[in-house]
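If you read the sequences in order, they're chains A and B.
Quick note on numbering: the first sequence equals residues 1 to 388 in the working numbering.
Quick note on numbering: the second sequence equals residues 389 to 965 in the working numbering.
Don't read these hints as lab results, they were simulated from the structure.
Incorrect hints may appear among the rest.
Unchecked claim - Short derived list, chain B residues pointing at chain A, Cβ under 7 Å:
hint	residue
1	Ile700
2	Phe759
3	Pro764
4	Leu765
5	Glu766
6	Leu769
7	Ala770
8	Gly773
9	Gln780
10	Ile896
11	Lys937
12	Leu941
13	Ile945
14	Pro952
To be verified - Now the in silico label distances, taken between C-beta atoms and shown as ranges:
hint	chain 1	residue 1	chain 2	residue 2	range
15	A	Met174	B	Thr651	46 to 52 Å
16	A	Asn97	B	Met544	58 to 64 Å
17	B	Ala933	A	Leu189	39 to 45 Å
18	B	Met544	A	Met174	56 to 62 Å
19	A	Met174	B	Ala596	52 to 58 Å
20	A	Arg92	B	Val942	34 to 40 Å
Just so you know, even glycine gets a beta-carbon here, dropped at the ideal spot from N, CA and C.
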Amino acid sequence: MTRLSFTVTPVIIIVVAAILAILNLGTPATSALHVSDFVVGLAGKYLCYAMLALAVDLVWGFAGILTLGHAAFFALGGYAMGMYLTREIGARGVYANAQLPDFMIFLGWKNLPWYWHGFAHFPFAIVMALIVPGVLAAIFGFFAFRSRVGGVYLSIITQALTYALLLAFFRNDMGFGGNNGMTDFKDILGAPIGRSSTGTALMVISAICTALAYIGARWLTGSRFGKVMVAMRDAESRTRFLGYRPEYYKLVVWTLSAMLAGIGGALYVPQVGIINPSEFAPANSIEAVIWVAVGGRGTLSGAILGAVLVNLGKTILTGALPGAWLYALGGLFILVTIFLPRGIVGSLRRKNARDAILPTSDEPQGIAAIDSVQADLRESGAEMEKPA
Amino acid sequence: MTPAACLSDRKSPDAVLSLRPSHHPRHLPRVMAGKGGTRRGFASLCCALALTLFLVFGGAKARADTAADPYAGLASQSFDSIVSAVQAVALSGDARAHQVLDALGNNALYTWRYDRPDHALFIHDPQTGKWLNARTGDPVHAPPFMQVRRIVANDMVKNALQTATGVLDLSSPDPALRKAAASAIFANPAAATLPGVRHALSIEKNPAARAALLQAEAADILSTPSASSDERLAAIHAVAARDDMPARNLLSSLQGEHGPVATAAAAAIAHIDFTLRLWSWLETVYYGLSLGSVLLLAAAGLAITFGVMGVINMAHGEMVMIGAYVTFSVQQVFRAYIPDMFGSSLIVAIPAAFLVAGAIGILIERCMIRFLYGRPLETLLATWGLSLILQQAIRSIFGAENQNVGTPDWMSGYFALGGLTITLNRLAIIVFTIIVLAALMAVMRYTPLGLRMRAVTQNRRMAASMGIRTPWIDAMTFGLGSGIAGIAGVALSQIDNVSPNLGQNYIIDSFMVVVFGGVGNLWGTTLAALVLGIVNKALEPVAGAVLGKIVVLVLIILFIQRRPRGLFPVKGRAVEA
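Build the full structure now, drawing on both the sequences and the hints.
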């Protein structure tokens, strides 16, 4: 089962994406089997959310850091891509100025700010979508973990971080389009945005990235590094007394996770066609946490499943009963935390597994959990599937 | 004067006549123009003593004339005479002076075309066509048109009129008016008003008006180039005593002076600058206290649920919001049934909001939170979900728009305290916060509930062993925290928009306060709220409101990394919280 599920999740993702792509491009619009551009776009969006969910799960499910600010990294990645797409508009904007984006002309800017240089090149933008969230996370994490800020305190200051960024990006002086953000993109790498083949290609790329992210996360959590991370999650002091430095482990996984969220954001923006400061809203970050909680904290496939399911529900409900979505989302938060603390995948797995130790709470689970982790550490690499 | 009147003036033969070089003897106005002419007479060797004597006696004669009939000079054809007469009229304290000068300003004052011994003055009302005797105010028959001329005021006369009206108010029977007139002279001092001010000072009894007159006198002295240096030094001290911006402006106009006057002025300016800066600091502190008390109200309930119980209640903001909506509902009832008693609606809303929010809090604790004790992160998520539901529920009931919550009359308005302007609603919130905080601390310290709460906080199992029903205490604690949030909602409804998003705007700030202050310590929460409020307001003028807030958030993030448990951490032996 272990080996199987290692490969089964990415295979499912790729296969579903491929089927959707073929049905979208290969069938006529009149065919009963035809998948509309809208559905392909939704699938692409969900896959980006899935990457964000994976990022949240890495730090919350495996390292015990409840982040309420991960959407900030997602949005930063999105802004990097948005800047590339804005430069790509070139002279086709309202003011037909190849040197400056429309909003800068509108605000009376004379020159391109220094931090916009280079964003005309796609590879640079992609590198920035990785580096900017990564560097911010590394700096934030370095100070936070070094001084052993943990638990709810860390959660609250991550929320403050994304809130501060939200306020900052709302300012026109920042040079990122202020309140309106960036939109009205024309094309990406020469392919017109909005054409069905571009949308499908972006969705397939998102699927591949999600699958790769899953495999990478799987490898990381299954490694010796992952075992220490879990030990740290369940009994931080004890792990420290055993000679490990939890702050370094936390810092590494925190930074990697922020970079993963940045990739998700970078792929998200060309598919939805807009990036604005509301992506930084603390509510977005908390929503990402509930995807993970629904799917199953500490299970990577659960994070992906949760992101897709919750957002599918959101799409259906907001279409059918617009007022009911917030009730449903709120109810989901309450019911999942009280009645399904392990999430969907976690609950299913617990039924099957003989002695799985999944996180049930934030309390250290005592000697038993730690002994089990130590045993795991000793037989390093066996039982990869067990996330805890 | 309207442009049309100007135009008609220019056409009028009267005006041409009055601009004609005057043949009237001019000795009188020359003397009245001031000592300058006299002094020049002395300086010049060719000026004989006789001339000087003549001038002095002439002056004395003129003074005697004006004392007898201050109005006479107005009938003159010389502008100099008219200016002198205007000053004399203003100083005379005559009851009719105001009306006559107004008439002169409005081009409604007439006299004989060729001066007669009675120097008659008429006021003509163009609307009614009536003529009055300017000196007595009695109606008179319209004089023959060809025999009168309008007295025309040129710029010099108009300036004199402006000063004179100011001086005239100094002799008003209303002390408040006299004080205002003196302040107006201070704001716009001129050497010409000095005699008027001194005259008023000699008879003024009202202390407030007298103080204002002394200031005006000093300002006038400073504007008189001929005043002696001792007089000016005294005046600088008098002006400097005001310690405000107008005084500073007046003193800075003395920059060109030399010697002790300049030194004194510079010292006085430095002192005033210091005082002004002090007031502006005080103002920042007051605004900060006001913001801090709002933050404290919003965070006090959170400090109880988070600090005492260790429960992260993300729905806390919604309790505040519910409190505001309770206020709105109570006011609606007042508006519908007893509109006369609207002023007391807030008094009724306070206990109502406490009970409603408290009851909802107890319900939440019993139905949800008790299943999540010991799992703070899950509690956080569940209460966040609850906050979404509560917001949506309020939106379904009341609608998404802002609701109109009224401010009772006794809370509107403001008053000045030294250099501060204090608005009553902000002051009311500060006072209210102090009362709420004191009540909260009293409950925690002196009531059986507070005793049990503290016992459960310190050692839950031991407290349970001693017979305390810990689940009941938990419910009550949560209810108390929520009730305080509801009360905060009553206060916030007075200064913020009452909409379903009200709570969202405060939840992050409230958490910052609790985390900054250190969990489980009401004093820490208080200090943190006030510090954050003041820092926020101090940064606003430097960095702008949004950037200031960002800086505060970043500072808190940095602070938490230095002191992960806040300003006043709870000391204990636990390795992990």
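Structure-inconsistent hints, enumerated in ascending order: Per hint list: zero violations.
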